[in-house]
Every structure is written in C-alpha cells, then in structure tokens.
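Q: Could you put together the complete structure from these sequences and hints?
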Amino acid sequence: MADDNDRTRTPGETKVAGSTTTGTSHRVRRPRAEAMTMVRRRAVNAVAWFISLVTTVVVLILAVHIVFVAFEANTANDLVNTVGDWADDLAWQFKDVFQPDDHKVEVAVNYGLAALVYLIVGRILTSLVRRLA
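Numbering (the working numbering), first residue to last: 1 to 133.
Treat the hints with care, as some may be off.
Label-pair distances were calculated between CB atoms; the ranges are [said to hold, decoys possible]:
| hint | residue 1 | residue 2 | range |
| --- | --- | --- | --- |
| 1 | Q93 | A63 | 12 to 20 Å |
| 2 | L125 | Q93 | 29 to 37 Å |
| 3 | D85 | E34 | 44 to 52 Å |
| 4 | D78 | M38 | 18 to 26 Å |
| 5 | T56 | R131 | 19 to 27 Å |
| 6 | I120 | L79 | 25 to 33 Å |
| 7 | E34 | T75 | 29 to 37 Å |
| 8 | A35 | A70 | 27 to 35 Å |
| 9 | L128 | H103 | 47 to 55 Å |
| 10 | M38 | E72 | 47 to 55 Å |
Since the hints were derived computationally from the structure, they do not count as laboratory data. Every value quoted in this text rests on a predicted model; they were computed, and no experiment measured them. No residue lacks a Cβ here, since even glycine has one placed at the ideal position from N, Cα and C.
A: Put into structure tokens, the structure is as follows:
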C-alpha cells in the first residue's frame, strides 16, 4: 500500500496540510469556520487598535496642555486655546482633585492624573477586547 507522500506529483500540484491541491493558486482553502475565526480576529484587533489610538490621542492632548501651562505658552494663540479647551473637557472630574498654591503644579498633577487614568483604562479595555475574542 503506497503512502500519499510516496507518489509523484504532477506539475502545479502541491501537498498542503494533509491534502493535495492542484492549480496555480498558492492559497490554501480553509474551512468556513476557520475563515470566520480569522474575520472575527481581524475585527477584534481593529477594535483594540481603535481603543488604543483614542487613548493615545487623549493622553497626548492632556500632556501637551501640561507643557503649554508649565512653559507659559501664549494664551492668545488659537492652538494653545484649542488644546486647553479640549484638555479641560477631557479632564472633567480631575481638574480639582489636588489644589496646590502654584497653578502650574495644580495643572501638572491634576491633568497628569487624568492622563494616567485614561492610559490605564485604555490598556485594560484593549486587553479585555483582545482576550474576549
């Protein structure tokens, strides 16, 4: 009794994962369930990537605002005002957690705390999304 590995293959015929395929296509045909799993994995990775992207943008906005305040950026500048407005909205409950006398320290500590919380929550959500997939 000859084994499938012992026989001679015709040109264009390849052995892949226990079955022989013919033709010029190098793609392996996968069962429908495996294809759906791959689609699901891609979708989950896209959601996790989006969560990570949003978290990173929020943290960057808060960090840039801290730098603008620390180095006394020109408050008449539209960019400084826009970033400040966004940071105020994003730091909603963290704006007055600590109230030191120095305004720069207050912004650095409170907005830094908000950035840290966003970063941690974003990483946890990303991990959960990937784990639940």
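Q: Please go over all the hints and tell whether each is borne out by the structure.
A: Hints, one by one, checked against the model:
1. Q93 - A63: 12 to 20 Å: Roughly 18 Å apart at Cβ, these two residues keep to the hinted range, so it holds.
2. L125 - Q93: 29 to 37 Å: violated, 18 Å
3. D85 - E34: 44 to 52 Å: With a Cβ separation near 49 Å, D85 and E34 satisfy 44 to 52 Å, so the hint holds.
4. D78 - M38: 18 to 26 Å: violated, 46 Å
5. T56 - R131: 19 to 27 Å: For T56 and R131 the Cβ distance comes to about 20 Å; the hint holds.
6. I120 - L79: 25 to 33 Å: Between I120 and L79, where Cβ atoms are some 28 Å apart, the hint holds.
7. E34 - T75: 29 to 37 Å: violated, 58 Å
8. A35 - A70: 27 to 35 Å: Given about 52 Å between the Cβ atoms, the range is violated.
9. L128 - H103: 47 to 55 Å: Roughly 37 Å apart at Cβ, these two residues miss the hinted range, so it is violated.
10. M38 - E72: 47 to 55 Å: With a Cβ separation near 53 Å, M38 and E72 satisfy 47 to 55 Å, so the hint holds.
Going down the numbered hints, you'll see the structure goes against 2, 4, 7, 8, 9, while the others check out.
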